[in-house]
Amino acid sequence: MSDEPVVTVEQVYAVAKLFRLQWEPAQKAHVLLYPEGMVRLNQSAGEILKRLDGKQTIAQVVADCEAAFNAQGLEQDVLDFMAGAIRQGWVLRV
Amino acid sequence: MPSRDGVGMPMWLLAEVTYRCPLHCVFCYNPVDYAKQHQELTTEEWKRVLRESRELGAAQLGLSGGEPLLRDDLEEIVREARSLGYYTNLLTSGIGMTEARIAALKGAGLDHIQLSFQDSTKQMNDFLSSTRTFDLKMKVAALIKQYDYPMVLNCVLHRYNIDHVQQILEMAEAMGAEYVELANTQFYSWAYLNKDQLLPTREQVEHAELVTDAFREKVKGRMRLFFVMPDYHATRPKKCTNGWGNLFITVQADGTVLPCHVAGMLPGMTFPNVREHSMEWAWYDSPGFNRFRGDGWMKDPCRTCPEKEKDLGGCRCQAYMLTGDAENADPVCDKSPHHERIREVVERTKLAVNEQPIVFRTDRDSRDLMKQCGEGGLKVDERRLFEPGATATEANTRIGRTPA
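Chains A and B, in that order, are what the protein sequence lines are.
Mapping of the first sequence onto this note's numbering: residues 1 to 94, in sequence order.
Mapping of the second sequence onto this note's numbering: residues 1 to 404, in sequence order.
Do not take every clue at face value.
Quick list of the computed label-pair ranges, beta carbon to beta carbon [said to hold, decoys possible]:
{"no.": "1", "chain 1": "B", "residue 1": "Gly389", "chain 2": "A", "residue 2": "Gly54", "range": "30 to 40 Å"}
{"no.": "2", "chain 1": "B", "residue 1": "Leu351", "chain 2": "A", "residue 2": "Asn42", "range": "49 to 59 Å"}
{"no.": "3", "chain 1": "A", "residue 1": "Asp80", "chain 2": "B", "residue 2": "Glu217", "range": "24 to 34 Å"}
{"no.": "4", "chain 1": "B", "residue 1": "Asp126", "chain 2": "A", "residue 2": "Val94", "range": "20 to 30 Å"}
{"no.": "5", "chain 1": "A", "residue 1": "Gly54", "chain 2": "B", "residue 2": "Arg51", "range": "29 to 39 Å"}
{"no.": "6", "chain 1": "A", "residue 1": "Gly73", "chain 2": "B", "residue 2": "Phe226", "range": "37 to 47 Å"}
{"no.": "7", "chain 1": "B", "residue 1": "Arg51", "chain 2": "A", "residue 2": "Ala29", "range": "16 to 26 Å"}
{"no.": "8", "chain 1": "B", "residue 1": "Asp300", "chain 2": "A", "residue 2": "Gln72", "range": "20 to 30 Å"}
{"no.": "9", "chain 1": "B", "residue 1": "Gly109", "chain 2": "A", "residue 2": "Val9", "range": "47 to 57 Å"}
No lab work stands behind these hints, which were simulated from the structure alone.
C-beta: ideal position from N, C-alpha, C; glycine also.
Here chain A stands alone, though its shape is the one from the complex (with noise of 0.2 Å):
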């Protein structure tokens, strides 16, 4: 393993294999399954995770994030989030 991963913009990522992304009516939020535990994720979180299809790239993930939240300048926040969730092992490159 490395220390610290890199994110760049032109990667692609998926959810690993070992989570499932659901919307949870219950909680309002989006979580992440996996054997015998649940994450809860804030709302970026989950509008990140969701935009992860495994053929977007991180520069178009943001790009939709930025017009659906009428935002600007998400791109380092995506890389910081998404540094966390490899580290997590949400996430995994395609």
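Given the coordinates of chain A, work out where chain B should sit on it, guided by the hints.
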């Protein structure tokens, strides 16, 4: 969506679909009186439990038993659960798993299989479960990988296998397990009857933890290891089930709804049954589920303890088993005036020879124990393991199929 202020959602549903089991494990957490008269829920009744629980927010489903593979409608239950959006976990000994079934379960949407081993060695695995099953379990482990399920390997630790932790972990690695749960025996039910036999020494636990830590470092990023400490060696209790009626909900084979899988033994309490009540009423309104919510029920030392919110007084069942009063502090806590009851058991682990006979979980023993309890036999604390008023089934009848 139904909800009530201050009460968590039942996010984790444990469905004990049958108490029938081909194994006879000495540490089984099923009630010691599981051979009582009862009728297993039907397929349609389970589907209703799943639907109603999902509406309350349940997301994780554990299909357990007994051996859940003994239900021939397991695939149908899984299919319903998956279509409702559950993450479906099958907790199995692997006995009864065939390639046809594992493929059918995959088709039904089963997410994950947790396979239990009793030890890394054939001899000890087979001895502890009183069966010849080790080779079969190895075959099932290969099938789990072949069908691309995530695999959790579960091994209950105790005095007779805890020194094999290195070998158990090597076996798990060789099988390709993603997660390994090394769960020290919790002393409830059958394990409580066998506690003098099963509790490891402190030195054994400390050694096993060191071995696990070293292995964890080695397999970092590939496997996750969980080591559950035995609370008898602790001085503060566990926050049992993350709080009474706050996260976990169990439905037993006969439809009884419980805050944990052994709470049925607590005296003076009635728990709801899905044949008479909705899951919503069971969770939010039934007296049983409200009995130990919050901290209003606490006595000293818990009532005035600065740590009370941290562990909520520990486990109600452990308090009852060891002190006779479910409102007492869990005697694992060294602030409990009954902590001596735990210390006595720990002290006995230092004895070289243990003369207590080991009890295997069998239908016959369950019936015999119920009979002994009914006739005033057994030790006073052991008598507390039995649900008041339950009647044993006739010898040689199938568990869970008592005529209505």
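Do the hints match the structure? See the list:
At about 57 Å, the CB distance of Gly389(B) to Gly54(A) disagrees with the hint of 30 to 40 Å. Taken as a hint, the range 49 to 59 Å holds for the pair Leu351(B) and Asn42(A), whose Cβ atoms sit roughly 53 Å apart. Hint check: Asp80(A) to Glu217(B), Cβ distance near 27 Å, so the stated range 24 to 34 Å holds. For the pair Asp126(B) and Val94(A), the beta carbons lie near 44 Å from each other, so the given range of 20 to 30 Å is not met.
With their beta carbons about 32 Å apart, Gly54(A) and Arg51(B) fall inside the hinted range of 29 to 39 Å. One distance hint, 37 to 47 Å for the beta-carbon pair Gly73(A) and Phe226(B), holds here, with the actual separation near 40 Å. For the hinted restraint 16 to 26 Å between Arg51(B) and Ala29(A), the CB-CB distance of approximately 21 Å keeps it satisfied. Checked against the hint of 20 to 30 Å, the C-beta distance between Asp300(B) and Gln72(A) comes to roughly 58 Å, which is inconsistent with it.
Between Gly109(B) and Val9(A), the C-beta spacing of about 35 Å breaks the proposed range 47 to 57 Å.
The earlier numbered hints that this structure contradicts are 1, 4, 8 and 9.
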